[in-house]
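Starting from the given sequences, assemble the full structure and let the hints guide the process.
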Amino acid sequence: MNPQLEALFDEPEKRYLRPEELNALSQYVSSLPERINLYRRLRSEEITLMQQVADTLQQQMAGEPEDLLKRSLKNGLLALRYVAMAMLTDDVDFVKKRMESWLPGIVEAYGTRAIDERLHQLIYEQLSGRFTPQQMALLSPSLVTARNLLAPQEIGTEADLTSETLVGLF
Amino acid sequence: MISIADLLIDDRLPGNYFANDVYVRGTLELGLLENRRGDRLLALPDALLKSIISGLNNETGQATALVLRNCGLWWGKNFYARFCEELSDYHGKPVADLSMAEFLQALQECWRTHGWGVLSLNLDYQPQGFLVIEIQNSPFTAHAVQPNQPSGALESGILQSFFSQLTGRELTCVQTSCESLGADCNRFVLGLENRLQSVPSLVQEGQPHEAIMRVVTR
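The listed protein sequences derive, respectively, from chains A and B.
Each residue of the first sequence is one higher than the one before, counting from 1 in the numbering used here.
Each residue of the second sequence is one higher than the one before, counting from 1 in the numbering used here.
In short, the hints are calculated from the structure, not lab data.
Even glycine gets a Cβ: it sits at the ideal position worked out from N, Cα and C.
A few of these clues could be false.
Stated by the list, open to error - Per label pair, the in silico range of CB-to-CB distance: (1) B/A5 / A/R40: 14 to 24 angstroms; (2) B/R169 / A/E13: 50 to 60 angstroms; (3) B/P200 / A/A62: 50 to 60 angstroms; (4) B/C71 / A/S128: 53 to 63 angstroms; (5) B/P127 / A/A62: 27 to 37 angstroms.
Shown next as structure tokens:
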């Protein structure tokens with residue numbers, strides 16, 4: 001859940017919640033039907049949405065090896081599930097918490113940044129074609145987070161380790 | 001064409017198995033802290049680590065580092081087996097089918113989530129046949145074992161047996177820099193024993209990591 005909301009429940013022994021804190025909670029609760037509705041649609045449309053993304057991606061990046069495209073699509077599916085969960089729980093940091101520590105490293109290691117950026121763009125287009133601006137507003141913060149994880153960043157040195165194993169090293 | 005339904009065939013998209021908000025859980029009413037598979041975890045107080053070292057120092061003197069290293073070797077052997085088991089269960093395939101990048105990233109995440117610090121691999125000396133593991137914020141080196149000497153004997157042991165099993169070679173691991181001596185991180189050099197023979201005495205003399213690496217790669 002949204003960490004600020006979650007923190008509301010931490011210390012009942014200290015004091016009762018303030019009116020503005022209860023308001024924040026009510027606001028979240030009243031947004032829930034819309035969130036659940038959107039989550040249901042993301043769930044039921046996952047395969048059709050991502051299949052269209054996959055078809056376009058494969059056309060646009062015909063030169064890329066299929067196993068790299070598959071790898072990126074799997075991570076795209078995963079990212080979309082995290083985005084859906086982040087939206088449902090109103091937790092903008094969720095995508096970051098679950099993906100930040102490993103996704104940039106894997107993108108770097110397999111050199112799939114160009115594919116992943118295109119993929120992200122295609123997923124975004126699919127979503128905005130299917131959902132209202134209000135619904136997109138609920139998804140956007142996490143989509144942006146996911147997008148930012150693809151940007152080049154300071155990370156470890158696993159780059160050379162995909163094709164060769166450490167066994168050959170010694 | 002790529003079929004999305006096929007990609008989802010086992011209905012699982014492996015992410016970070018060791019994500020800390022999922023990995024650490026427990027049956028707290030029974031006093032059990034557990035990982036996500038239900039294996040028991042322990043919170044290890046810093047004071048206990050300190051007392052183990054001072055207890056060993058009192059009882060065995062100079063042998064403390066050797067004892068700790070031995071413990072690390074045993075720990076590493078079990079750790080490697082359990083780590084591989086957890087990882088292959090999660091990914092639904094043998095560890096050998098994971099790429100090295102995925103495997104090592106899981107190791108880093110595992111390290112971090114257990115509170116053992118931030119582990120990273122330095123491949124600068126890979127062409128010469130050495131692997132350098134750098135660990136920041138290690139809880140295991142916080143207390144000196146012997147004055148002015150690196151204190152990561154336990155970690156040297158675990159890394160040595162972990163990477164020996166991973167690579168199928170008998171590797172040696174020597175610590176060449178230590179946070180407890182003011183270094184920015186702990187560095188552990190892994191390589192074949194005959195190529196690292198000169199390192200322990202260089203470390204004892206207090207030579208810096210880079211200088212030691214210059215000697216062994218000469």
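Evaluation of the provided hints:
no.: 1; hint: B/A5 / A/R40: 14 to 24 angstroms; verdict: holds, 19 angstroms
no.: 2; hint: B/R169 / A/E13: 50 to 60 angstroms; verdict: holds, 57 angstroms
no.: 3; hint: B/P200 / A/A62: 50 to 60 angstroms; verdict: holds, 56 angstroms
no.: 4; hint: B/C71 / A/S128: 53 to 63 angstroms; verdict: holds, 57 angstroms
no.: 5; hint: B/P127 / A/A62: 27 to 37 angstroms; verdict: holds, 36 angstroms
Consistency note: the structure conflicts with none of the earlier hints.
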